[in-house]
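Protein chains in written order, with my numbering: chain A, 9 to 327; chain B, -16 to 393; chain C, 90 to 183.
Heads up, some of the hints might be wrong.
The list that follows gives simulated cross-link-like pairs (lysine-lysine, DSS-like), each with its CA atoms no further than 30 Å apart [claimed, not checked]:
#1 Lys98(C) / Lys220(B)
#2 Lys15(A) / Lys129(C)
#3 Lys24(A) / Lys119(C)
#4 Lys277(B) / Lys314(B)
#5 Lys301(A) / Lys274(A)
#6 Lys209(A) / Lys19(A)
#7 Lys108(C) / Lys119(C)
#8 Lys27(B) / Lys176(B)
#9 Lys151(C) / Lys209(A)
#10 Lys19(A) / Lys179(C)
#11 Lys283(A) / Lys24(A)
#12 Lys15(A) / Lys151(C)
#13 Lys183(B) / Lys103(A)
#14 Lys19(A) / Lys95(C)
#15 Lys193(B) / Lys103(A)
#16 Lys179(C) / Lys249(A)
No wet-lab data here; the hints were simulated from the structure.
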Amino acid sequence: MTTQEWKFTAKDIAEKSDLFLAGHRACAGCGPATVFRLIMKATRGPTIVTEATGCMEVVSSIYPYTSWAVPWLHTAFETSASNASGIEAALKIMKKKCRLNHEHVDVIAFAGDGGTYDIGIQALSGAVERGHDFLFVLYDNEAYMNTGIQRSGGTPHGAATTTSPAGKAIPGKLRYKKPIAEIMVAHEMPYVATASPYYWKDLIQKVRKGLEVEGPAFLHVFAPCPRGWRSNAAKSIEYAKLAVETCVFPVWESINGQCQLSTPSKLIALAPQKKKAVADYLQGQGRFRHMFKPQNKKLLEEVQRITDKRWERLLKKCG
Amino acid sequence: MQNILKQETMALAGDQAVAYAVKQSDVDVVAAYPITPQTIIVEKFSEYVADGEVETEFVCVESEHSAMAASISASVTGARAFTATASAGLALMHEMLFVASGCRAPVVMAIANRALSAPLNIHGDHSDSMAQRDSGWIQLYAENAQEAYDSIIQAFRIAENLDVLLPVMVGLDGFTLSHTLENVETLPDEAVKKFVGVRKFSNVLTHEGKTAPFRLDPANPMTMGPIALQNYYFEFKRQQEEAMTNALAVIQQVNDQYAKISGRSYGNGLIEAYRLEDAEVAAICLGSTAGTIKTVVDDLRQEGVKAGLLRLRTFRPLPVEAIRSALTNVKAVAVMDKCMSFGGNGGPVFHEVRHLLYDVPSRPYVLNYIYGLGGRDTSPVELRSIYENLQHILQTGHVEKPIQYLGLRG
Amino acid sequence: MTKQYKTWKEIAPAGVCSKSSIEFLTGDWKTYTPVRDPEKCTRCLLCALFCPDGAIHWHPDKADIEFDYSFCKGCGICANQCPTTAITMKLEQE
């Protein structure tokens, strides 16, 4: 059944067996781990997963243990989308040659922000241009977390990381977060969406839509990392909510190029007074702590400015 | 005993011969990226695809790194995968080559051997594949377009053998072989398809406690390419080495089985010994240079010189016993390297031959000639001078320069 | 604790994993333990959905929630997200 037809409740999801199993070695309070669990609840049939090197890859596959109840392949850091290309091509031809025991197999490629914005972007762009039928999921914790919290193309303005520390001369990363979802929309691909694990129903529906699409789909999921963000482990999901409420990470979809806001962000568009100040989201995260010092006031203002600018741009696109 | 099949003589350059072999081998997925002098392989193959002559998913990837990633992932999903590259493209794949052999993916790849940059050079030498000799790939080197065609077909059988399960690269010299027309005897389509057969899968124990065919299949989930820590990584590497050892026998078997249907055999599949039985002086080389050396050897023999040639058809796994055995009576050996190992006291083939001869009861003189870099042509006269030097060494009992350059100005 | 690791001949090639991670109990990581007040709990199941470790299960036959402390890492997301503050994090006493 299609996403239009699939009606599900929290109980339905909770009753579905986990395909991303417990016993993985992610940190306590890991946002990406929640994201992975929810995404794997949204699968609709036979699925093969491939993943780039990164936190979730490492924590879920420490030999001899595996947290994957589906076929899973990891090869390298750049290769989530190129792996997906090879798997999809193999499935296609094996089906043609009557060597596949399944009517259809979904292919999901996971990668972190490092493996998507930076080292993985070539393979992603190539795979999308070639039109392979797969879903690419970016789990964005906004830095190279697995190697110890280094800045990536997805690290937001002002954030302190281990390669963009908040020092005496330079207060954190001064460059901006690459608008990766917009870049993917510019590829003229069938489905692009952003999601936040707090809005779990929206996330699951988007995964389904991505799987159903014939051709490439891209899902950008916000995934707070308490370790890297120096935030309270209990608040990972709370930050996933605040990011949407402050419009730092709006949730939307682009279906064949037509952009539309998803309900949580739409409610803010309709009632702008509901939009929270970015400071509400930034405070409590150690990576932004330096921004609350009086001498870094401009940094805080800049984050608000860029958030507002991108929000306005999104509103225009969504009509 | 099979009868040798009737074959069709086709005028093919090396690249075209490779493409034709791939066409006949029921390949499932071909990842394609252009790089001189391999490009004709993928161009030719794309014509077969466009004309509906093959049942293959042709993936025009956006770089060689992705070509190898896609080949590996297709292969472990259960498809027969092929790609081709050269020089910088092979270098770009470097990381993934180790992954291919670590994942035990039986990918077959043609390498139109070409020099590495910098400076940029598009012509033939062995620096590209020699730089990958530690990657866990089986390496075969073809002397001519005929052998390139035959070796590609054999490569699928070797790679997919359940005692091997290692990727195989077949080298053909850039331009010299890739772009030069030859008469190539080609087998009938059905014969090749039968020879390569349908891919079989070994059985592995998965985390579900089931034994299942080794491939990505939702019916039997398994995890491939995990992180293996200090407590296990070493053991996986040892497994690869075992597979390499098994490959020595498998390469010979496949060579013999292929000979039954084609009438063509390349030595014993590992090495080709040319007039070596009673040779006192010999050269060792890989690839097309062997063709020229054979004519030089014939000339020298006419003059009464006991000259011979040892061509290494298989470089990985290194056929240690076969080489030692072939050189039993040889007193002076010139190892030819179409590649440098900077700061390494000679070229890679020289290192390996000298090293494997260390333990033999009576060691010959072993010299190194570095030649042909960047497609520099090597004449019969120059090759002859090697033998003259070897004879001179036997007369004087003295090696002036163990490592020399052939054809270098200055 | 000494472990008996397998030899190179005994393991599957290509790193094919031989054990499910559900055999690796991460429950001993926690410092704080979630304790649920069944009276306050409305069985909304947000805790079960948000748990990064899948350590909270819904049992339809019992129509109730159960915490699997053998995997719970004590992150506190469940307590933080519970709309009726039915879950509190208590310091584990050794």
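Going through the hints against the structure:
1. Lys98(C) / Lys220(B): holds, 11 Å
2. Lys15(A) / Lys129(C): holds, 28 Å
3. Lys24(A) / Lys119(C): holds, 26 Å
4. Lys277(B) / Lys314(B): Distance ~19 Å between Lys277(B) and Lys314(B) Cα, so the pair holds.
5. Lys301(A) / Lys274(A): Violated, at roughly 33 Å.
6. Lys209(A) / Lys19(A): Roughly 12 Å between the alpha carbons, so the hint for Lys209(A) and Lys19(A) holds.
7. Lys108(C) / Lys119(C): Satisfied, since the Cα-Cα distance of roughly 23 Å is no more than 30 Å.
8. Lys27(B) / Lys176(B): holds, 19 Å
9. Lys151(C) / Lys209(A): holds, 24 Å
10. Lys19(A) / Lys179(C): holds, 27 Å
11. Lys283(A) / Lys24(A): violated, 35 Å
12. Lys15(A) / Lys151(C): Distance ~23 Å between Lys15(A) and Lys151(C) Cα, so the pair holds.
13. Lys183(B) / Lys103(A): Cα-Cα ~17 Å, so holds.
14. Lys19(A) / Lys95(C): Given that 30 Å is the threshold and the Cα spacing comes to 42 Å, the pair is violated.
15. Lys193(B) / Lys103(A): Roughly 24 Å separates the two Cα atoms, so the pair holds.
16. Lys179(C) / Lys249(A): Holds - the C-alpha atoms of Lys249(A) and Lys179(C) are around 25 Å apart, at most 30 Å.
Violation of the numbered hints given earlier is confined to hints 5, 11, 14; the remaining hints are satisfied by the structure.
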